[in-house]
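Protein chains: 2
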Amino acid sequence: MATENSSVSVSGRLQLEIDVPALAAVLDGEYAGIRDLVRTNLVTHAAVLDEADALGIDAFRERVRDVVVQLAATGQTGMGFPGAYGGGDDVGASIAAFETLAFGDLSVLVKVGVQFGLFGGAILHLGTDHHHKTYLPRLVTGELMGCFAMTEVGHGSNVQALGTIARYDPENREFVLTTPDEQARKDYIGNAARHAELAVVFAQLEVDGRTEGVHAFVVPLRSDGRVLPGVAIEDDGRKMGLNGVDNGRIRFDGVRVPREALLDRFAQVTPEGRYESAIENPDRRFFTMLGTLVQGRVSVAGAGVSVAKVALAVATKYADRRRQFTSSRDTEEQVLLDYGLHQRRLLPLLARTYALHFAQDVVRGQLHEVFSSIEDDPQARRRLESRAAGIKALATWHATRVVQECREACGGAGYLARNRFAALKRDSDVFTTFEGDNHVLLQLVAKGLLTDHATEFEDLDQLGMVRYVTGLAVETVIERTSAHKLLERVRDLLPGGDAWDREAGLLDSEYHLAMVRFREEHMLAGLARRMKRGIQQDEPGAVFSLIQDHVIALARAHVERLVTEAFVDKVRALPEGTEKDALGLLCDLFALSTIEADRAWFMEHGRLTVQRSKAISREVNDLCRKVRSLAVDLVDAWGIPAAVLRAPDLVGPAD
Amino acid sequence: MATENSSVSVSGRLQLEIDVPALAAVLDGEYAGIRDLVRTNLVTHAAVLDEADALGIDAFRERVRDVVVQLAATGQTGMGFPGAYGGGDDVGASIAAFETLAFGDLSVLVKVGVQFGLFGGAILHLGTDHHHKTYLPRLVTGELMGCFAMTEVGHGSNVQALGTIARYDPENREFVLTTPDEQARKDYIGNAARHAELAVVFAQLEVDGRTEGVHAFVVPLRSDGRVLPGVAIEDDGRKMGLNGVDNGRIRFDGVRVPREALLDRFAQVTPEGRYESAIENPDRRFFTMLGTLVQGRVSVAGAGVSVAKVALAVATKYADRRRQFTSSRDTEEQVLLDYGLHQRRLLPLLARTYALHFAQDVVRGQLHEVFSSIEDDPQARRRLESRAAGIKALATWHATRVVQECREACGGAGYLARNRFAALKRDSDVFTTFEGDNHVLLQLVAKGLLTDHATEFEDLDQLGMVRYVTGLAVETVIERTSAHKLLERVRDLLPGGDAWDREAGLLDSEYHLAMVRFREEHMLAGLARRMKRGIQQDEPGAVFSLIQDHVIALARAHVERLVTEAFVDKVRALPEGTEKDALGLLCDLFALSTIEADRAWFMEHGRLTVQRSKAISREVNDLCRKVRSLAVDLVDAWGIPAAVLRAPDLVGPAD
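Which chain is which? The protein sequence lines are W and X, in order.
Take the first sequence: its position 258, counted from the start at 1, is 258 in the UniProt record's numbering, and no numbers get skipped.
Take the second sequence: its position 433, counted from the start at 1, is 433 in the UniProt record's numbering, and no numbers get skipped.
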């Protein structure tokens with residue numbers, strides 16, 4: 001209404017009114033088309049959300065497989081494959097489709113991820129023409145199901161130390177796959193318990209008595225639904241969630257596959273049994289292979305953001321209608337979202353979800369660029385891998401936290417399975433673990449920062465890294481991030497000069513950027529100095545354990561800087577208008593609540609006075625009050641189909 | 001080994017060796033007997049942990065009912081009832097039994113809580129001799145199952161505003177129960193969907209056209225398993241967890257019950273239809289009735305602590321055997337618990353679990369005293385109610401957090417249902433909501449502090465409270481907590497005089513106590529001033545919303561002070577020896593990590609210098625390293641039977 005539109009709020013700002021479709025267009029961006037296709041498919045298959053509980057585990061697995069095959073027929077799951085094999089030739093669109101699919105049942109999502117992302121991605125990126133021709137056409141339709149057999153009981157995070165062996169037998173020109181012990185048993189492998197015909201198996205390649213490191217092989221597991229000789233498969237059984245995905249364990253007892261089974265893009269074995277690779281360093285080779293699978297992490301990051309969106313959409317809509325308690329006996333009870341505390345619980349999380357959305361845009365864009373370019377750009381690849389690892393960690397932890405807060409904010413109704421939280425919580429829980437444990441990923445991010453992107457050293461083990469960093473990079477890092485230089489650089493950015501951290505406006509995005517940049521650089525320098533000191537004191541083995549919390553803190557600071565930049569850049573690039581104003585408000589709320597959450601660090605490092613720290617908390621409260629009236633529009637702009645919100649007691653029936 | 005026992009650790013402290021049975025005796029305390037009975041019963045019925053997934057929901061509900069009846073036959077569930085009716089005459093023991101039962105399947109636990117705590121407790125505490133004689137003998141054995149029908153769709157937290165009506169009909173000397181609208185439908189009621197023969201129904205009593213407020217009535221729901229006329233019951237269906245408990249919805253359509261159905265301990269209706277109560281003020285009457293049900297909150301608090309213990313026992317044992325990554329290529333991979341980060345993730349949580357254990361001892365002791373005394377002590381009652389609300393909130397949030405952190409620390413194996421986390425997570429999730437939403441409970445705690453325990457005003461609504469506090473109590477609170485007096489008091493406690501907060505030893509428990517006491521008093525004064533200012537500015541309606549985050553912060557600070565005192569008191573009371581030393585170490589870790597977590601506040605309020613704040617973080621790291629070698633013994637001392645840890649992939653098979 002015009003009157004509302006021009007009404008002036010307490011803060012003196014004009015009250016905003018959001019044009020939801022316009023904001024949705026900003027959010028969907030260039031992938032609006034594929035996202036809308038997925039939304040239509042989600043509505044078509046919305047019943048699967050009920051079937052997760054209604055069907056037994058066996059029937060539900062079959063149902064999920066059927067849905068996946070039907071989705072494949074619409075083209076949404078094949079966007080990342082070459083057109084020649086029935087794909088869409090658009091990596092970015094494949095990620096956007098996956099993100100949108102995460103609004104719905106997460107077993108369907110993860111089965112899509114296993115089949116087309118992990119299994120299909122390994123065939124595509126580690127294989128060559130022969131493998132593409134043989135497998136991709138039937139794989140892209142979902143007719144040929146496969147699995148990605150990397151993780152072993154003994155090695156989930158440290159996959160370079162896998163135990164499965166693939167020995168080349170030159171006489172028969174075959175590889176012989178063996179599981180030498182229980183620790184080397186493949187485990188938690190999606191599609192393995194029931195549907196996979198093939199597996200891409202990661203194993204230590206042995207040629208002529210020499211171990212050449214981990215390589216990938218295409219190994220048939222089943223024929224006509226029967227497990228093949230030499231292969232032993234156990235069902236992992238029921239899991240906390242994602243029970244539409246058939247995870248299982250695999251053992252190999254001398255399974256023979258032809259020489260062509262080696263996915264040979266980065267290394268080959270000649271018929272006579274000579275090992276060849278264009279990448280000499282075995283560690284580099286391994287990480288190059290792994291690097292091609294980065295889209296898995298980008299996908300899970302995006303799914304984490306979508307899960308957070310679903311939870312927040314339900315909790316926000318509920319809080320906007322649910323009344324409880326009254327401020328006096330004679331008045332109607334008050335709407336939950338009008339309570340300051342409830343705003344504090346939900347709205348900074350909403351702002352952070354928007355921030356991660358735009359950060360995801362950036363990493364998806366980088367992925368698309370790296371995988372669509374003809375020329376390989378190693379630096380762009382490494383930047384992508386680091387960013388993907390970092391955003392994956394932050395987005396999935398965010399999802400876990402948001403789902404929990406939103407469930408609690410919806411009380412007992414939030415606990416009923418017919419509303420959405422039960423499924424969201426159990427199904428998304430493992431996001432923080434799969435595609436790389438979040439803590440391990442953040443250590444990778446920190447390692448990248450410390451070694452200053454020196455390619456030749458990305459293969460170092462911990463001690464090696466410590467030694468290397470001490471010997472070479474630390475000096476550079478320390479020099480680059482000396483307190484003096486840091487302050488100089490920041491001073492240039494902000495009008496306040498030396499007093500930038502005291503005089504800048506709290507709502508100045510340059511101030512926000514300066515704060516998160518300063519924190520990152522300062523932590524990096526501090527960590528480098530600590531490593532150096534540790535080594536000099538001659539306890540190198542203990543150094544890493546002692547500084548590990550600093551390593552994680554640095555990585556978080558780095559990723560939060562990237563997220564802040566992504567959000568600020570996005571807002572700045574928008575044309576003037578209510579979308580820009582609304583997103584600007586959210587960006588302020590995100591940035592200030594991020595600084596507030598770490599205000600102890602900023603105070604400890606002289607970048608925040610006590611007065612200013614308190615002022616930031618007050619400002620966050622003010623921003624929450626301003627965002628409150630926009631909250632429902634802001635969650636509506638995500639375009640989650642009502643049919644998949646599926647929380648009738650909380651938001652009303654879908655229609 | 002003697003050599004190890006006398007070995008000197010890096011810190012110069014003698015390395016401790018814990019006598020696990022001796023520490024277990026300290027933890028079990030006076031209730032070792034009943035706890036051991038429950039442990040035996042847990043082992044007997046350990047199979048129920050598997051049946052939660054193996055059986056369908058209907059069969060599992062029956063199974064859980066059977067287990068509950070069998071437990072009742074051992075006497076463990078009836079400890080809180082009078083001996084005359086088959087009980088154990090020992091309230092404290094009934095809580096201790098419940099806490100121990102929480103090591104096992106939580107559907108069994110919650111069904112026990114519904115039957116004997118809520119339903120049985122209401123009959124016992126709100127009824128009189130007639131009700132006791134009629135119901136308790138069959139109730140205590142579990143033969144007569146009942147439910148506690150308080151919560152309604154429209155009113156979960158604000159139960160004083162319930163909508164169900166019980167009108168007295170003097171002609172027939174009956175009450176007529178009616179559900180006037182959908183918002184007044186009883187919901188989430190445990191035992192309602194299937195097993196309850198009776199319900200204790202909370203309804204607005206109407207006598208002679210006058211509403212007398214909420215009262216409780218015994219209402220038959222079923223006879224021979226058939227739902228009675230006028231009663232409509234729906235099944236809540238599947239929930240996130242606790243699916244062995246049959247929750248349901250109840251509507252009453254003119255259901256008639258005799259005059260004796262009123263649980264009439266605090267108010268009576270004469271046959272002619274005259275309402276009588278010894279408690280004149282209707283609000284006070286309501287809160288007196290509610291107050292008798294405080295054992296539910298104490299029980300859930302204890303269950304929360306036990307859930308945290310199970311999760312930590314699994315994660316700690318796993319971290320002590322699981323190896324991943326190596327610090328150099330030639331050495332064995334490193335045990336997870338030797339990583340500094342892993343210690344940081346688990347060990348402060350372990351310390352806090354111990355702290356909450358001892359805080360639970362205190363609140364259980366107060367409950368036992370209040371409910372075992374012949375004379376009523378209103379002040380002791382109120383102190384108990386506030387403490388129970390506060391500990392319940394902190395303990396259940398702690399449980400949620402611990403389960404999540406421990407699941408993540410156990411990786412993919414932690415996600416399999418055959419290991420324990422899936423059940424722990426889904427079943428304990430609602431602990432933060434039932435028996436009072438945690439945020440609402442903390443507001444009650446803060447209200448108690450602000451009104452300075454003025455009984456006559458505990459019935460005020462929010463605005464009333466704001467006005468009252470402003471008019472009367474705030475001045476007292478402000479006076480009592482003026483910065484000057486605060487500092488004076490603290491100065492007397494610590495040797496450092498004016499510089500107490502800079503010179504006291506970081507491991508001095510007087511320092512820890514001074515810090516948490518100062519924080520609480522300072523927050524209380526600040527909140528009182530804010531309320532006063534808010535009222536003076538004549539926006540009373542908005543005051544509460546604006547200060548709500550301060551209200552919650554105060555309540556947390558208050559409860560953390562109580563928890564710290566409980567832990568410190570316990571350690572001080574122990575005789576010299578390794579148990580005292582080990583618990584002292586844990587107490588330091590708890591106190592310092594608590595201060596560290598809120599170090600921003602302490603810096604903002606001038607009680608922590610930047611240098612000291614950093615020193616505290618270093619000290620927490622040091623303490624983690626010291627506790628690390630004790631960690632497995634510390635979790636073993638909780639005495640969780642191996643059969644109910646049930647995480648074979650993480651801690652090995654049960655025997």
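It is possible that some hints are incorrect.
[To be verified] With a Cα cut of at most 20 Å, we get these calculated DMTMM-like pairs of lysine to aspartate or glutamate:
no., chain 1, residue 1, chain 2, residue 2
1, X, K133, X, D28
2, X, K580, X, D569
3, X, K614, W, D549
4, W, K614, X, E596
5, X, K532, X, D508
6, X, K614, W, D19
7, W, K580, W, E30
8, X, K580, X, D28
9, X, K317, X, D649
10, W, K447, W, D549
11, W, K614, X, E143
12, X, K580, X, E30
13, W, K614, X, E333
14, W, K614, X, D598
15, X, K614, X, E596
16, X, K614, W, E604
17, W, K580, W, D19
18, W, K532, W, E510
19, W, K133, W, D90
20, X, K580, X, E596
21, W, K580, W, E565
22, W, K580, W, D633
23, X, K614, W, D598
24, W, K133, W, D89
What the hints contain is simulated information worked out from the structure, not anything from laboratory work.
Review point. If you draw a straight line from the CA of X/K580 to the CA of X/E30, is it 20 Å or shorter?
Key: Holds: X/K580 and X/E30 sit about 18 Å apart, inside 20 Å.
* Measure nothing beyond the straight line between the CA atoms of W/K580 and W/E565; if it is 20 Å or shorter, mark the hint as holding. => Judged against 20 Å, a Cα distance of about 16 Å means the pair holds.
* Is the straight-line distance between the alpha-carbon of W/K447 and that of W/D549 20 Å or less? -> holds, 13 Å
Satisfaction of hint between X/D649 and X/K317, Cα-Cα up to 20 Å: holds, 11 Å
Exercise. CA of W/K614 to CA of X/E333, is that 20 Å or under?
Worked result: Violated: W/K614 and X/E333 sit about 46 Å apart, past 20 Å.
With the threshold set at 20 Å, check whether the alpha-carbon distance from X/K580 to X/E596 stays at or below it.
Distance ~24 Å between X/K580 and X/E596 Cα, so the pair is violated.
_Pairwise hint evaluation, W/D549 against X/K614, where the allowed Cα distance is 20 Å at most_ = With a Cα-Cα distance of about 13 Å, the restraint between X/K614 and W/D549 holds, given a limit of 20 Å.
Take a quick look at whether X/K614 and W/E604 sit within 20 Å of each other, Cα to Cα.
Holds: X/K614 and W/E604 sit about 7 Å apart, inside 20 Å.
(Q) Check the hint pairing W/K532 with W/E510 against an upper bound of 20 Å on the C-alpha distance. (A) violated, 33 Å
**Message:** Next pair to validate is X/K532 with X/D508; report whether the Cα-Cα distance is within 20 Å.
**Reply:** violated, 37 Å
*Take the C-alpha atoms of X/K614 and X/E596, compute the straight-line distance between them, and say whether it is at most 20 Å.*
holds, 9 Å
Practice prompt. Measure nothing beyond the straight line between the CA atoms of W/K614 and X/D598; if it is 20 Å or shorter, mark the hint as holding.
Written response: Holds, at roughly 14 Å.
Violated hints for the displayed structure, listed by number in ascending order: 1, 5, 6, 11, 13, 18 and 20.
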